[in-house]
Amino acid sequence: MWKLEMPTTYFLGYRLKIGIVVIVIMVLGFFNESQGTAHYGEDSVGSFPYFEYNVPRNVTTVVGQTAFLHCRVEQLGDKAVSWIRKRDLHILTAGILTYTSDQRFQVIRPDKSENWTLQIKFPQERDAGIYECQVNTEPKMSLAFQLNVVGEHPAAMQHGNANTASPCALSVNLLISLYCTIATLYTSTIDGFR
245 MWKLEMPTTY FLGYRLKIGI VVIVIMVLGF FNESQGTAHY GEDSVGSFPY FEYNVPRNVT
305 TVVGQTAFLH CRVEQLGDKA VSWIRKRDLH ILTAGILTYT SDQRFQVIRP DKSENWTLQI
365 KFPQERDAGI YECQVNTEPK MSLAFQLNVV GEHPAAMQHG NANTASPCAL SVNLLISLYC
425 TIATLYTSTI DGFR
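Residue numbers (this note's numbering): 245 to 438.
Wrong hints could be hidden among the right ones.
Distance condition first, Cα-Cα at most 25 Å in a straight line; then the derived BS3-like pairs of lysine-lysine [unchecked claim]:
1. LYS323 with LYS384
2. LYS365 with LYS330
3. LYS384 with LYS330
4. LYS323 with LYS356
5. LYS384 with LYS356
Ranges between beta-carbon positions, derived for each pair [stated by the list, open to error]:
6. GLN319 with GLU396: 33 to 43 Å
7. GLY395 with LYS323: 37 to 47 Å
8. VAL307 with ASN380: 29 to 39 Å
9. GLY339 with ALA388: 19 to 29 Å
10. VAL307 with PRO383: 34 to 44 Å
11. ILE335 with ARG370: 14 to 24 Å
12. ASN380 with GLY308: 29 to 39 Å
13. VAL299 with LEU333: 16 to 26 Å
Calculated from the structure, these hints are not laboratory results.
Keep in mind that this is a model prediction, so the values were computed, not measured.
Glycine is no exception: its CB is placed at the ideal position from the N, C-alpha and C atoms.
Based on the provided sequences and hints, a complete structural model is requested.
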């Protein structure tokens, strides 16, 4: 077996050169030439946008009753939020702008809020399906929402519809079932009499 002997100074010089190259690459990696400022830690996990998953993602509404799909994006930074209708890949909104001629669709975002709510006025059964809240990161981030649009409950028609209240009389000791659909963001009271 043979052994190649090299001077110790060769290895020290080689290690020193590698060390300098690594340091230069690291420094250049954190330097943004377009703005001329250092952004140390810009690629850390905590600075990327992320979805708040604690929102209803399976939403059911009645035909004609405004539907709201709530998407909450934290740490958005310079990225943009868009709403896409999945069945035809139609871009409905990008940022606060609407990109559809259908004026029933609109994004609602209170000033500098993390909430990007897609509002669908007068929804029809054909509007049912999957809608995506997307963020233009690389790779793209998306969160799917299922919208269900149903006709009025048949029992609701027996004693009026959701917009009108009418009293009804029932026998004592009669077992009844009450179904309640919250149709608005406004509060109201429901009174039951025995």
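(message) Verify the CB-CB distance for GLY395 and LYS323 against the hinted window 37 to 47 Å.
(response) Since the Cβ atoms of GLY395 and LYS323 sit about 39 Å apart, the hinted range of 37 to 47 Å holds.
(request) Sort out whether LYS356 lies within 25 Å of LYS384, counting only the CA atoms. (result) With a Cα-Cα distance of about 22 Å, the restraint between LYS384 and LYS356 holds, given a limit of 25 Å.
(message) I want to verify a distance hint. Is the separation of the beta carbons of GLY339 and ALA388 within 19 to 29 Å?
(response) With Cβ atoms ~20 Å apart, the hint holds.
(request) Indicate whether the distance between the beta carbons of ILE335 and ARG370 respects the range 14 to 24 Å. (result) At 18 Å between Cβs, range holds.
(message) Given the hinted pair LYS323 and LYS356, is their Cα-Cα distance within 25 Å?
(response) holds, 13 Å
(message) Tell me if the straight-line CA distance from LYS323 to LYS384 falls inside 25 Å.
(response) Holds. LYS323 to LYS384 sits at ~11 Å (cutoff 25 Å).
(message) For the hint 29 to 39 Å, verify it against the beta carbon of VAL307 and that of ASN380.
(response) Hint holds: Cβ distance 33 Å, inside 29 to 39 Å.
(message) Next pair to validate is LYS365 with LYS330; report whether the Cα-Cα distance is within 25 Å.
(response) Measuring from Cα to Cα gives roughly 18 Å; hence the hint holds.
(request) Confirm or reject the claim that GLN319 and GLU396 have a C-beta distance inside 33 to 43 Å. (result) holds, 41 Å
(request) Starting from the hint 29 to 39 Å, judge whether the C-beta atoms of ASN380 and GLY308 obey it. (result) Since the Cβ atoms of ASN380 and GLY308 sit about 33 Å apart, the hinted range of 29 to 39 Å holds.
(message) Given the hinted pair LYS384 and LYS330, is their Cα-Cα distance within 25 Å?
(response) holds, 15 Å
(message) Is 34 to 44 Å respected by the C-beta to C-beta distance linking VAL307 and PRO383?
(response) Once the Cβ atoms are compared, 37 Å apart, the range 34 to 44 Å for PRO383 and VAL307 holds.
When held up to the earlier numbered hints, the structure conflicts with none and fits them all.
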